[in-house]
Structure formats: structure tokens, C-alpha cells
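Number of protein chains: 2
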Amino acid sequence: MVGGGQLARMTHEAGIPLGIKFKLLSDTPQDSAAQTVNDVVVGDYRDLETLRRFAEGCDVITFDHEHVPTEHLRALEADGVVVRPGPDALIHAHDKGVMRARLTAIGVPCPRHRIVEDPADVAAFAAETAETAETAGSGGSGGAGQEAAEGGKAGWPVVLKTVRGGYDGKGVWVVRDETEAAEPFHAGVPVLAEEKVAFTRELAANVVRSPHGQAVAYPVVESIQVSGVCNEVIAPAPGLSEALSGEAQRIALTIAKELGVVGHLAVELFETADGRILVNELAMRPHNSGHWTQDGAVTSQFANHLRAVLDLPLGDPRPRVRWTVMANVLGGDYPDMYYGYLHCMARDPALKIHMYGKDVKPGRKVGHVNTYGDDLDEVRARARHAADYLRGTITE
Amino acid sequence: MVGGGQLARMTHEAGIPLGIKFKLLSDTPQDSAAQTVNDVVVGDYRDLETLRRFAEGCDVITFDHEHVPTEHLRALEADGVVVRPGPDALIHAHDKGVMRARLTAIGVPCPRHRIVEDPADVAAFAAETAETAETAGSGGSGGAGQEAAEGGKAGWPVVLKTVRGGYDGKGVWVVRDETEAAEPFHAGVPVLAEEKVAFTRELAANVVRSPHGQAVAYPVVESIQVSGVCNEVIAPAPGLSEALSGEAQRIALTIAKELGVVGHLAVELFETADGRILVNELAMRPHNSGHWTQDGAVTSQFANHLRAVLDLPLGDPRPRVRWTVMANVLGGDYPDMYYGYLHCMARDPALKIHMYGKDVKPGRKVGHVNTYGDDLDEVRARARHAADYLRGTITE
Chain A
1 MVGGGQLARM THEAGIPLGI KFKLLSDTPQ DSAAQTVNDV VVGDYRDLET
51 LRRFAEGCDV ITFDHEHVPT EHLRALEADG VVVRPGPDAL IHAHDKGVMR
101 ARLTAIGVPC PRHRIVEDPA DVAAFAAETA ETAETAGSGG SGGAGQEAAE
151 GGKAGWPVVL KTVRGGYDGK GVWVVRDETE AAEPFHAGVP VLAEEKVAFT
201 RELAANVVRS PHGQAVAYPV VESIQVSGVC NEVIAPAPGL SEALSGEAQR
251 IALTIAKELG VVGHLAVELF ETADGRILVN ELAMRPHNSG HWTQDGAVTS
301 QFANHLRAVL DLPLGDPRPR VRWTVMANVL GGDYPDMYYG YLHCMARDPA
351 LKIHMYGKDV KPGRKVGHVN TYGDDLDEVR ARARHAADYL RGTITE
Chain B
1 MVGGGQLARM THEAGIPLGI KFKLLSDTPQ DSAAQTVNDV VVGDYRDLET
51 LRRFAEGCDV ITFDHEHVPT EHLRALEADG VVVRPGPDAL IHAHDKGVMR
101 ARLTAIGVPC PRHRIVEDPA DVAAFAAETA ETAETAGSGG SGGAGQEAAE
151 GGKAGWPVVL KTVRGGYDGK GVWVVRDETE AAEPFHAGVP VLAEEKVAFT
201 RELAANVVRS PHGQAVAYPV VESIQVSGVC NEVIAPAPGL SEALSGEAQR
251 IALTIAKELG VVGHLAVELF ETADGRILVN ELAMRPHNSG HWTQDGAVTS
301 QFANHLRAVL DLPLGDPRPR VRWTVMANVL GGDYPDMYYG YLHCMARDPA
351 LKIHMYGKDV KPGRKVGHVN TYGDDLDEVR ARARHAADYL RGTITE
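As they're listed, the protein sequences go chains A and B.
Residue 1 is where the first sequence starts when you use the UniProt record's numbering, and the numbers rise one by one after that.
Residue 1 is where the second sequence starts when you use the UniProt record's numbering, and the numbers rise one by one after that.
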């Protein structure tokens, strides 16, 4: 696995019972996964020769993140290395412009969007979406994607994203006018404009797909974001209609199939007040919105990602219990979490703690907790309490 | 953790989410746990200086097996090393003679037993137990333990055990007469004679105890042995009365407290036709009879063993589901289990496979599977099928 973050750490953990030999390419020996994996190569994933040496002796290589340059992945494939997901799929997680164009082409509902050239072009986009809000379906080729052009009420503010390199709210701006629209262009990377969707909540549809085409769909979850960072996930999404849940799963399965995804695919979605679902982001790897599966599903996203990339039959994605809640643990003011452990473990013996071995920095994701049970309010309160206590924002 | 077997492998795995730094002392770099742990010292646990160097920088040391010499553990403690469980507890798992004397002293029911000197003394033991079978409570100090002397029908055959070094049926003989009784004495180790208990089935009561005295009890399980090797575990033990279940848990908790056990304690038990429970063996570490907890309990035995030895509050030991069945996977004629994976995973997507990374040798424990559900017959059949298929004794 390329990338030494917590996703690699938890994927390695999930591979131990399957007897899977796991080799890691990590930026540093201190990275989250490098602390627990016993076969670690330290090196730069942006360097093709490093990737080539790493790939020697691997049956398959897969990824903790989507930042490996696409041309390197193509070079590895040309060498005969098995890359899963492959570059033709990963480009859609790597480049938001390519992703939006492709999803629109295959009929998947997205926010209206187009690549913008400069702040004046952003203003033009805002005007276009404000107009088309009244006249659904009027978007043309290269214009704002027409699939979602029925919700109305776009215009300013506009969401701007650099097409590459963003994550957890980085590389994303919500701008209110042409002046504010200047900043995203400073990076010199193409910028994608998207309408700011008036969503009621965020959902995620997670699926896993094998090279031979088997696919499984996890229950659709609700993802609660704070400042662009996932804070809490509720599985399944409370009160989601069977129709929308089915549509969300079908969208994710369609994307996985049409884009040739192998492994875990997370499709982040907006649910709108008028009962529609729009695709926000894609991730072709285990994802924060699937961490609940470690304790709440028969087979975790990590185990199923490994099974998929190794072309083993996939595991049962069904939930084991009525409700599972995941809450991210962010770093607070205390570098040592030991005292938090004592309190949280004693208070809630059924709490499931997953820490990443990262140095605590304020606001940094350093772990997550899972709780499960039959009473959603109680399950949420337990997860919330543990996450807040470990962070240090509450002390009892 | 001292010892590189599968118990260390699975304990390490359970420690990853808790962010526990895990260091391993392994006989070879190929041992089961040495394949997955990233901080491995290769060395001989029988060498005190090796143990001393290993213990440097460890907050606590614990064990994958009970073979570390007691005098070495005492020397480590004298050095200031925190050893859990400590030598005063571990001696009872290390030496069956000490264990029997101590359990009898604290009123825990055991098979009648005593240390025997030679084959003639075994014959004397057989005669004593045949007599006392008729006259309950007549055993004296140094004679066959009286606690169990009410079941009747002892005499020949007699069970002989070397007091140290046995496991999985090794170091145990069932002898029918004085001639057969000669072999166990060849090793030069003291020999313990025990009555052959007419048991209806074997149970195990697993508990975990912390240094500060917190303890949790897992549901009592049925353990099905084949040729002295655990083959299958059913959790909870089907049809076990609440009274006997409670008694078994109380016995295990009493042993843990009285012997000062820290960590996981497995108490293997005989259930007799006349409704009694007798202690067979003790293990002060994670144990085969607790493997079901990985998928069937809120907190696994491995996680709770770590929490105990680190004096963290213990996790909830309750079952997550009505029935969980564990079946050991023994090595068969096929060195490569990959094709077995394809079939078993496709046939039963909810199957939980736990392999140890060991070379396949006929009859060697190389892994286990867990299944769970509401219908015991179906859950057992699934576990049995997968274990037999992976071994190669069935092909469809």
C-alpha cells in the first residue's frame, strides 16, 4: 500500500487475520501505518523509481491516498505491475474536473459545475447558474452540468475547488463575489466552480468492487461535517427513505462499474430539501465515512478493500446492529491521551477506540471511536462524549 | 510480549487500535507474530540476559506461553521490571503439581490427584481412587485430593502428566496398567497422577483480571476436543444451566483473585454426568477457547488481556450475538490455502477467517474460523465446513 496514513494502518490491521503479507511505502518512519507495519519502505511516492522498487515482489499495489501522479501509475502498469484501483479509475479521484465531466457524461447527478478561467469567469458562472435555476436543462456542453439544474437558487456564493490536491476542506473555497474568487487561482492549478448546493445533510454511499465485477454496497450513512472535516457518521442514515437509499447505492455501484473502480469507493453525497441526491466527492480507498464498519458491519471496509484488490470474494457488508455511530477524535491541548483512556474506558466498557499513533496537534484527526446499540440517541451521546473527552473539550 | 506464536500475533493485532506500542521476543523471525509485529527481538526466552535486554524500555511484559522459567521472572521483577501475570501466579500455569495443590487448598474442585514416584506408585494411586470412590472425603493430606472424591468409578485407567512442559495433549498419558505407566517417568520430570474423570463434555470459563482487582467474566463455552487438541468452541455452552454457568464463572474469578492472576485466565473444566464441574487445566494468557470473542464478543480476549496488563479499565465481555462458533483450522495436505479461500469466502461471505501465517503441516493448528448467528446448527455447520474445506478433508 502506498501511503503511511491511518487508512494504511487500519488496512494492514484488517489483513493480519487473512494472512495477507502487507508492504508499505511511507513518507517517514513515523507515519501512522509505519509504526505498526513490519515491512516498511520509506520513500517518496512522487518518485517513479521509488515506486518501481517498492512494487517489486508485490502481487498488487493499492493506495492510502489519491496523490500518486497518474503518469507514474501508467508507467507501473506498463512495467506489468498490477495497480488497483488503476490509473483510469483513480484519475477521477485525483482530478475533480475529470470526475465532474465523467459523472455528468454517465448521467450521475452532480451540482452544476464547470472549469473557470479567472475571477470574471466565476462571476459568469454565478450568473449562468442563477439564470438556469429558472430554466432547468438549459446547460450546454462545457456549461454548467445540467443534471442538477432543477434545484434553483444558485448564483453567489460559488464553491471553488482546485481540481487536484484538496482534502478535508483544503483546496476548497466558498466565495461571495468576484474579489473573493481571486485566491484559488494563485496556486496555478485549474479551478472548478460548483454551485453551492442548498443541502439538508450529507450522506455517503460506500461500495466495494472486485476486478471480476463482484460488488457489495454498505448501508448509506449520514456524515456530519464541521468546518469541512468529517466529525460524525451515523449508520445507517436516520430517516432516509428506501427510495433515496436505493438510489444512493445505485449511484455508487454505477460509478464503481463505469469508472472501473477496484476496491473501496466512497461517494459523498448531498441530500437536498427537494428530495434529490447529488454527488459531492469520490474517494477510491477506505474512507472516514466507512470507519463505522470496523465494529458495526460483518466485514469492515478495510477487509473488503483488501479482498477486492486481491480479487478474493467480497465479505458481507451488512450491519451487525441497528445503529453504529463513529465520531472522529481531534487533537486537543493534551499531548498524552492516557488519562482520557482511563475515564472513557471505565465510563463505557463497550466503547471501541481506534487511535492512529499520531502526535496530537490541535484539530488534527488522531483517531476515532465507534459505538453501537439499539437506541440512536444513546449511541450518539456515547460516541460524542468519548470523542470530546479524548480531545479535552469536556472533562467529565 | 514474550513468545512469537499466534496468541502474540492476535494480541498485537488487538493492540493496534488502542495505539499500544508492542514489542515482541520471538524464537525466530519466521514465528507467527514475528511476521506481523514491527518491533521484534529474536532471542531465547530461556536466557535471562536476553529477557533483561528485551524488557528494557517496556512498561510491562506479558506472555504468549507459560514456558519462561519462574526464576527468570523473579529476577526480572527484582530488576524492577513489571511482569504480568507475575511469577507467583504463572507458576500455577507452569507447574501442574503446584496448580493442583493450590486449587485444592482454596477449595476449587479438581479431579483426584497426587504426585507419583514410579509406576508402582501409580498403581497405588489407582487403588486409592478406586477405594475412595466408595467413601467420599476419605483422602488425606498428600493423598488423592478429596474435593472431587464423590464421583466414584476411578481406579484404572489413570491420567499421568509431567508437571511441566505439556500442551495440546503433549506431556499427557492415559495408562491402563503399571506397565504402561512407565513412559512418563523417562523425562525425569515429576509426574502427576489424576483420576480419569467420566466427563460428559469440556467447558472453559474465561475471565480477565486487572492489577487493581477489576475482573470480567466471558460466557462459559463448550470446548470440543479431538485427540487432545481443541477442535471447536461453542459460545455460550449449549444447554448449560444457569447454576453451573455461574459456578464455573465463580470458580474462574476465585482462581484469578486467589492466585493473583493479571490478564486473561482460561479455566478448562470437565462437566460430569452427575452435574459437577472440575478444573482440568489453567492458562494465564489468551487461549484457544477465547478465540470466538474476536467476532462474537464486544471486547476480544486479546484486547482485554492488553487492557488488563496495562491496568486500563476492562472492556465489555458480553456476547454480541446469540451463538458464536470457533473451529480450528488444522494443516492438511495442501501447502497453499489460496484456493480454499476462494471457495470459503464465496460460499459464506459472513465467515471470519483468522490465519496465523504458519507453514502448513498435517495436523498443525494454522488458523481458525468464527461464525455467528441465531441458529446454532447452521452456525456450527458453517464453521465446520470452512475448517474442513481449508484443511482439505472435504472438497465441496
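You may find that some hints are simply not true.
[Claimed, not checked] Below, in silico cross-link-like pairs of lysine to aspartate or glutamate (EDC-like), each with a Cα-Cα straight-line distance of 16 Å or less:
id, chain 1, residue 1, chain 2, residue 2
1, B, LYS21, A, ASP336
2, B, LYS21, A, ASP59
3, A, LYS21, A, GLU71
4, A, LYS21, B, ASP359
The set of hints was computed from the structure by calculation and includes no laboratory data.
Quick one: which hint numbers does this structure break? Sort them smallest to largest. The structure breaks hints 2 and 3; every other hint is satisfied.
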